[in-house]
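S.K.: Chains as they are written, first to last, in UniProt numbering: chain A, 1 to 242; chain B, 1 to 242.
Among these hints, one or two may not hold up.
Treat identical chains as interchangeable: a pair holds within one or across any two.
[Unchecked claim] Only pairs whose alpha carbons sit at most 20 angstroms apart, straight line, appear in this in silico SDA-like list of lysine to any residue:
(1) Lys34 to Asp125
(2) Lys34 to Arg19
(3) Lys34 to Arg21
(4) Lys233 to His76
(5) Lys34 to Ala192
(6) Lys233 to Asp199
It is worth saying that the hints were derived from the structure and are not from the lab.
Chain residues, written in single-letter form:
There are 2 protein chains.
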Amino acid sequence: MPNPTAAMLVIGDEILSGRTRDANMHYLAGELTKVGIDLKEVRIVSDDRDAIIAAVNALRGAYDNVVTSGGIGPTHDDITADCIAAAFGVGIDVRNDARAILQERYDAMGTELNAARLRMARIPDGAALIENPVSGAPGFSLENVHVMAGVPSVFQAMVASLVPTLTGGVPMLSQSLRINRGEGSIAEPLGALAAEFPDLSIGSYPFQQNGIYGVNVVIRGTDAGRLDAAMTKLAAIAGLPA
Amino acid sequence: MPNPTAAMLVIGDEILSGRTRDANMHYLAGELTKVGIDLKEVRIVSDDRDAIIAAVNALRGAYDNVVTSGGIGPTHDDITADCIAAAFGVGIDVRNDARAILQERYDAMGTELNAARLRMARIPDGAALIENPVSGAPGFSLENVHVMAGVPSVFQAMVASLVPTLTGGVPMLSQSLRINRGEGSIAEPLGALAAEFPDLSIGSYPFQQNGIYGVNVVIRGTDAGRLDAAMTKLAAIAGLPA
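Start from the sequences and build out the full structure, keeping to the hints where you can.
M.R.: So this is what it looks like as structure tokens:
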């Protein structure tokens, strides 16, 4: 049985303008890989209502899980929750359990739960909350769409809350070998190796460092014995005369 | 007149598995912003023929420019060029001008231009080559789709070759202010500011550092005078009593 699949939707003008470098995608990719959920696609869109709705609807129909990042804070540009509700065609309003979490948090800090902060308690009808131990304001899951914050520390805490609730698969194992030779000189035997092990994924990632061309070969699969067998043959390929 | 738009398609299992952190998106975003081309969407897909073709066709119809990254080397997992040809419904074969570039390069290095390396001279019919001063093997442009390498140093060199050939727009200017207060306490006046300056994009990016909650507010637009006017009002907002 193939592993469950996932897609990620990153929402944020700041990433598309080059101002900020996204960190959440790389983190999520690693966490999903550990539990055998295959991240198959990532999309990054701007803080634009139509773009967000279209992407959510495309991804939730195509993959088992969709994780979103960004746009659930208290300011005018935080429109993700409303877009999710619109994508599903459901209502959205301040919900009592989410409001109670915020009230407790801000009471403890001696900060007013003003109208702007209360926006973070707006939850689409039918959603389940995702716990946020870092800053209180919850994320939420609506069917297979999991809506989380963009601030990396909060995103990571929400991933920790979410992932144990997802159906995992067979964790992907990987081994890699760094070969200090041009990719073109090992391409042919590498292709033959890939053909011999169709159950494994054999990736070739060239690098260039201090004028040296080399390649990292990564072999991924779920069967440790097969991985070992392929790595043995890869080591022989790496030893071929240049 | 609105600025020209662009999308990016990153091709690579290694990014989706969490093994590698993409660097090309952030670089491209900055370079396009400088010349007034708005990067509106990024997609990351795996080394999967159907996924690549579907994404190329969706993006090339929706945006003025599409830049791809990855999958144009000599190994079995380098399938981008063939997918681009399939997406456009055109043929692909080794082309003499691309072969000549590779031949000269490998002759100078005393390396054989073997069958695997010759794959890098396979160019879809009708494409124009993109120069690669770093490692020789060219990228190519087919209509509005620009196909480039995934290795960051090569990608960056190809961007430098490509960008001057694109139609630019009005460069986006930006100013930012770091405010050491919770996002929720400035959300209301910030929303009013955004409503007062509908020609500007006002983004609010919360951070958390050493237990302090704060926010970076970024104002973007093409008119320097309007930016200055909004920044003056933002400074007043930042000085509001907590």
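S.K.: Each hint needs a verdict: does it hold in this structure or not?
M.R.: So, going through the hints one by one against the coordinates:
1. Lys34 to Asp125: neither (31 angstroms within a copy, 42 angstroms between copies)
2. Lys34 to Arg19: between (30 angstroms within a copy, 12 angstroms between copies)
3. Lys34 to Arg21: So lysine 34 and arginine 21 pass the 20 angstroms test across copies only (17 angstroms; inside, 24 angstroms).
4. Lys233 to His76: between (57 angstroms within a copy, 16 angstroms between copies)
5. Lys34 to Ala192: Result: close neither inside a copy nor across copies, 29 angstroms intra and 44 angstroms inter.
6. Lys233 to Asp199: within (15 angstroms within a copy, 61 angstroms between copies)
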